[in-house]
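Based on the sequences and whatever the hints tell you, model everything.
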Amino acid sequence: MVWALAALAVMLGGCASLEPGHQRPPSLSIADTGATTLSRAFARYAAVRNGQSGFKVIATGHEALVARGALTELAERTLDLQYYSVGDDSSSELLLSRLLIAAERGVRVRVLLDDLFASARKFGARAVAAHPNIEVRLFNPFRAIGSSGLARLPELAFDAARLNVRMHNKAWIADNSAAVFGSRNIGDEYFDLSESEGFTDIDLLVIGPAVRAMSEAFDRYWNSDRAIPVGRFSPMPEPADRERVRRELHALVGDCQSNIPCRWLAETELREALRAGRLPLAWASARFLADMPEGEKTGIPSGVEHGYVGDDPAGSRTVSELLIASPYFIPDAHGIAHLTQMSRGGVRVAVLTNSLASTDSVVAHAGYAGRRSELLSAGVELHEFKPQNGLQHRWRHRWGHASPASLHTKLVVQDRARVVIGSFNQDPRSRLHNTESWLLIESRELAAELAAHFEEGTELHHSFRVERTNNAAGSASLAWLSSEQGSFVRHDTEPMTDAWLRLWRSVLRTLIPEHLL
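For the record, in the sequence shown the residue sitting at position 281 is 280 according to numbering that gives the first Met the number 0, with numbers rising by one throughout.
Check before you lean on any hint, since a few could be wrong.
DMTMM-like cross-link-like pairs, simulated, lysine to aspartate or glutamate; straight-line CA separation at most 20 Å [what the hints assert, rightly or not]: (1) 121 with 134; (2) 296 with 224; (3) 296 with 215.
The hints are simulated quantities; they were obtained by calculation from the structure and are not laboratory data.
In structure tokens:
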């Protein structure tokens with residue numbers, strides 16, 4: 000059977016070597032950034048703030064797309080992109096067209112993509128075809144050549160330990176001076192442009208020393224043995240193909256009349272504010288941390304469950320409040336114990352996560368659902384996000400996906416004084432398998448702004464408030480409180496779901512090991 004599956008993989012396209020190549024020279028971020036527009040614009044701020052970094056909250060998909068476009072247009076020497084997923088859609092193509100323009104003016108563009116989704120190879124092949132200044136590498140790739148999902152099945156079965164490690168990091172870095180960092184991937188659903196699905200998310204625009212730490216981490220990933228050039232897995236483009244790709248991408252730049260994302264990218268306000276160094280920013284001390292590309296974990300996100308933010312538990316213990324927003328919330332036994340201890344000790348612990356109606360991963364919700372009663376008994380607040388775009392009944396059961404509208408924000412606010420934001424989810428996969436990155440920021444100003452976003456998300460017209468109660472028979476059960484069309488509503492079963500979806504969740508929970516959730 001093993002030989003048959005291996006033969007199937009070869010027949011479906013062959014296999015590529017995963018050796019990085021012994022002669023590959025290291026490629027590094029620019030050290031001297033002083034001559035670039037982005038560095039000069041904010042030099043006067045950095046000089047008087049003793050190494051602090053500047054931050055601007057990017058709360059909407061519109062702002063997120065514009066910010067990435069602005070950094071791309073202002074970049075003069077380097078652009079470094081690191082993403083878990085990139086779509087095969089209009090926003091991805093438009094951003095690629097801007098990367099082409101940057102490459103044509105001499106900017107070195109490095110794009111590092113996780114290889115879990117086949118769209119990464121298509122995007123990478125088009126990017127490499129567009130210009131020689133654009134280089135694309137795939138992180139921990141499948142061996143199968145091409146993008147056929149069927150060709151990957153044998154590998155998933157027999158190389159699961161390696162392929163289970165995915166690069167979940169997300170960053171868009173310009174000239175080692177400014178970055179967009181957070182939890183958004185690249186695709187229409189992350190930029191409020193998809194008519195069928197969407198994610199509520201938060202990024203930060205970052206200026207200053209924290210960006211240099213991001214670039215150092217990017218270099219480690221880029222030069223690791225797990226980062227393989229996309230050309231190993233896709234045929235190199237012929238000259239005619241290169242010219243065709245360039246024509247197609249240039250056509251996108253000029254055709255903005257009826258193209259909403261193109262019009263967004265043409266907006267100048269943010270770009271000119273960045274160029275002039277007059278963008279309002281929250282300045283604060285910050286640390287950027289990332290798992291090693293080989294998989295070594297730093298442990299800070301799991302520390303959130305244990306009541307502290309940072310790598311010094313004694314020095315940053317939560318005193319009064321811990322706000323956690325995560326698409327998937329599956330604390331382990333130690334995490335539950337510490338959250339319980341905090342809550343019973345007078346700390347407000349509030350969690351915003353996806354409802355069964357809004358989650359994009361039914362199996363992850365299964366891991367969370369079994370923990371609700373224990374958390375509620377301890378006094379932890381549970382708020383479950385509602386689908387927001389009116390399409391909640393168009394279920395997508397295939398592969399465990401249910402809803403077109405989901406919470407994707409990954410955020411922790413501690414005592415309205417510290418913030419952790421990044422790519423990690425509060426689940427076993429982020430704790431044990433994926434590589435992640437995050438910012439730890441000491442800022443009451445930023446914490447207050449992000450706490451306001453959190454509190455808005457927990458309002459009853461945006462989320463269900465889950466409560467533990469007794470049913471008619473006197474046994475413990477759950478209820479979901481909601482505001483609907485101006486009226487207070489109480490649901491005794493999970494709202495906006497049906498019995499089949501709830502059964503499907505139970506089935507998936509029995510099939511998938513918890514450490515993979």
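Inset, instruction - Just pull the numbers of the violated hints for me, sorted ascending. - result: none
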